[in-house]
Amino acid sequence: MTTTPILILGGKGKTGRRVAEQLETRGISYRLASRSSEQRFDWYDDSTWQATIAGADTAYLAPPVGPTVLAQAGRFVKEAAAQGLRRVVLLSGRGVGSPGRDFAVYDGQLDLEHAVQASGADWTIVQPAWFAQGFSEDFLRYHVQASEIRVSAGSGGEAWIDTNDVGDVMAAALLDESYTGQVIAVSGPRPLTMTEVAAELTAAIGRPIEYVDVEPEVHVEELREDGLPQEDAEAVRDLFAVIRNHRSEYVSDGVQQVLGRPPRDFADWARETAATGVWAE
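According to numbering that gives the first Met the number 0, the sequence shown holds residues 0 to 280 in order.
Derived from the structure by calculation, the hints contain no laboratory data. Be a bit skeptical, because a hint or two may be false.
Estimated spans, in silico, between C-beta atoms of each pair [stated by the list, open to error]:
no. : residue 1 : residue 2 : range
1   : Ser-36    : Ala-117   : 20 to 30 Å
2   : Glu-221   : Arg-25    : 39 to 49 Å
3   : Gly-54    : Arg-223   : 36 to 46 Å
4   : Arg-189   : Val-277   : 34 to 44 Å
Beta carbons are placed, not taken as given, at the ideal position from N, Cα and C, and that holds for glycine.
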């Protein structure tokens, strides 16, 4: 285990801040790096990289999704390893590189996985299913507040995972070098369609939540109307295409393998989250 502060890139994101919480609970020092941190870091600005990497032994990488930033992240890993970074734990996506699950939307993530594996640093890659917190901490929150989830997921299912489980797995991977060289896929305990998600949210919140399946190109148009750039809107559409094409209807047992316990069920997460008032109209 490293004796220097663990570098967390993406420390204010859904997983990064949970990794930080786990490390703090265990008394492990860490250093956050972002555009707003004291030592400024920007994936798109390589002039910020060298000072960020300096002195780092182990890093957690959670880059945003998008072809440009993922390509930059691959360059960053190569430079970091050349500067002496010894170990990398990467947040990727479930299904990336899996036979029979080839979607163009995964190409950038697969390239980044390959860059990490070829960097010369020790590595662990964690591939989670979609986060349940997407409905409470991301753009789907506003759909739930409006009582209508409008996405292009069709009738496909996804084994939604509590991001707290992801954070626990990431912390274990960072602190236990026995996971070096492993790709760990994690998911919730059961796949749920969007119709089933809406039903669980309805039960948890106490008012009807409806799922409306929209055509993929209509989905892009609506995302653009909400202010998302074209490239990002198309990336969201393509991610939902994985679900729409029934390619996520399976369970991965990484949580059980790493933590020795089952992952949290979506229904339990929804009930506890509803009690916080996050979906109040």
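Outcome of the hint check:
| no. | hint | in the structure |
| --- | --- | --- |
| 1 | Ser-36 x Ala-117: 20 to 30 Å | holds (28 Å) |
| 2 | Glu-221 x Arg-25: 39 to 49 Å | holds (43 Å) |
| 3 | Gly-54 x Arg-223: 36 to 46 Å | holds (43 Å) |
| 4 | Arg-189 x Val-277: 34 to 44 Å | violated (23 Å) |
Comparing the model with each numbered hint stated earlier shows that hint 4 is the single one that does not hold.
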